[in-house]
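K.L.:
Can you make the complete structure from the sequences, with help from the hints?
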Amino acid sequence: MHKCPHTHILALTTVLLTASLAVHAWAGAMAPDGPPPTLVLKGHAADLAGAAFSPEGSKVVTASSDGTSRVWDAATGAIIAVLKGHEEAVRSAAFSPDGKRIVTASRDGSARIWDAASGAELVMLAGHAGMLEYAAWSPDGSRVVTASRDKRATVWDAATGKVVAELMGHKSPVMRAAFSPDGSRIVTASTDKTARVWDALTGAAIATLEGHQRMVLGAAFSPDGQKVVTAGSDEIAAVWDAKSGARLASLAGHERGVLHVAFSPDGTKIVTTSSDRTARVWDARTGALLLTLSGHGRPVMGGEFSPDGKLVVTASHDKKARLWDAATGSLLAALSTDGSEVQTAAFSPDGKRIVTASFDGVARVWDISALGGAR
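By our numbering, the letter at position 64 of the sequence shown is numbered 64, and the numbering carries on one by one without gaps.
It should be emphasised that the hints constitute simulated quantities derived from the structure, not laboratory data. C-beta: ideal position from N, C-alpha, C; glycine also. One should not assume that every hint holds.
[To be verified] The following label-pair restraints were derived from C-beta to C-beta distances:
1) 205 <-> 162: 30 to 40 Å
2) 115 <-> 214: 38 to 48 Å
3) 210 <-> 129: 23 to 33 Å
4) 126 <-> 33: 43 to 53 Å
5) 87 <-> 120: 35 to 45 Å
6) 224 <-> 199: 10 to 20 Å
7) 55 <-> 224: 18 to 28 Å
P.N.:
What follows is the structure, given as structure tokens:
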């Protein structure tokens with residue numbers, strides 16, 4: 001769910017030294033137990049695909065395989081609205097930049113835009129010939145991009161539901177799509193082993209990011225929009241020039257497929273998560289490995305930096321989310337979800353809370369302010 005971009009630089013002279021001194025943060029049995037969740041958001045009838053805070057932090061939205069999304073009060077846990085209308089699983093849900101609307105993407109082939117306060121359906125985005133995997137807002141909230149298994153991504157006018165552009169060229173399902181920070185471009189990730197950069201208004205292809213040997217499951221722009229990072233099932237994450245498509249760095253070290261990638265808020269670092277049960281933090285300029293975050297017992301499905309860049313949260317099918325110091329790799333807390341696999345974990349805008357989404361259909365909100373949140 002989401003999320004804002006970020007970018008910067010380190011001196012080339014540090015490459016070999018940094019690589020040779022890459023820190024391995026072993027958690028193991030020493031993992032400190034985190035606090036219990038402050039809120040347990042129950043109501044869904046099936047597993048959750050994700051959960052995220054609203055931009056001002058007052059609400060949480062959840063996406064579920066029960067065909068609904070729900071909006072919750074992030075302070076009390078009360079249900080504000082149930083977003084009903086999809087006929088199959090909801091794969092993603094995201095607040096608009098102003099927090100007033102929500103876009104959902106479903107395996108029924110449609111995306112829908114809803115009023116975040118009332119739950120009323122505002123616009124239906126229909127036209128894909130296959131299941132949707134993801135939907136994301138443009139930075140100004142005027143457009144939505146959808147990623148579909150019909151091998152296309154589509155840009156829509158969020159007010160009218162009309163198609164702005166069709167992004168056609170991938171040969172296999174499109175798994176993710178995201179706008180650049182200025183909204184002028186879109187990056188897509190596909191199981192055809194490529195990512196592509198497009199003009200967001202015309203749909204014209206700008207660059208094809210080729211080189212992965214297996215599926216590309218995720219892609220994200222750097223905060224300045226100059227780079228793209230991709231997550232490959234070939235055990236590699238790669239950093240690319242967003243204009244030319246040239247590969248700038250290969251982030252090699254994972255022993256199984258890379259599932260998720262994200263830049264730090266200042267763009268100097270990248271976090272990757274993998275089926276090899278680790279997350280890793282890299283120098284975004286040089287590709288040097290900075291930290292290996294070890295301790296999860298099953299695949300690490302997602303990871304992201306806190307808004308101030310000082311923390312990393314990881315979500316794993318070992319039924320825990322873990323909170324790490326982004327500078328040292330020290331494990332700050334293991335957040336247990338009472339025996340259910342964690343699919344996603346996301347920070348609140350102020351960095352003081354985390355929301356997790358689990359296979360038991362429950363989202364949990366954790367207060368981490370005493371553990372280093374918003375330090």
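K.L.:
Next, verify each hint and record whether it holds.
P.N.:
Quick rundown of the hints versus the structure:
no., hint, result
1, 205 <-> 162: 30 to 40 Å, "violated (22 Å)"
2, 115 <-> 214: 38 to 48 Å, "holds (40 Å)"
3, 210 <-> 129: 23 to 33 Å, "holds (25 Å)"
4, 126 <-> 33: 43 to 53 Å, "holds (47 Å)"
5, 87 <-> 120: 35 to 45 Å, "violated (18 Å)"
6, 224 <-> 199: 10 to 20 Å, "holds (18 Å)"
7, 55 <-> 224: 18 to 28 Å, "holds (21 Å)"
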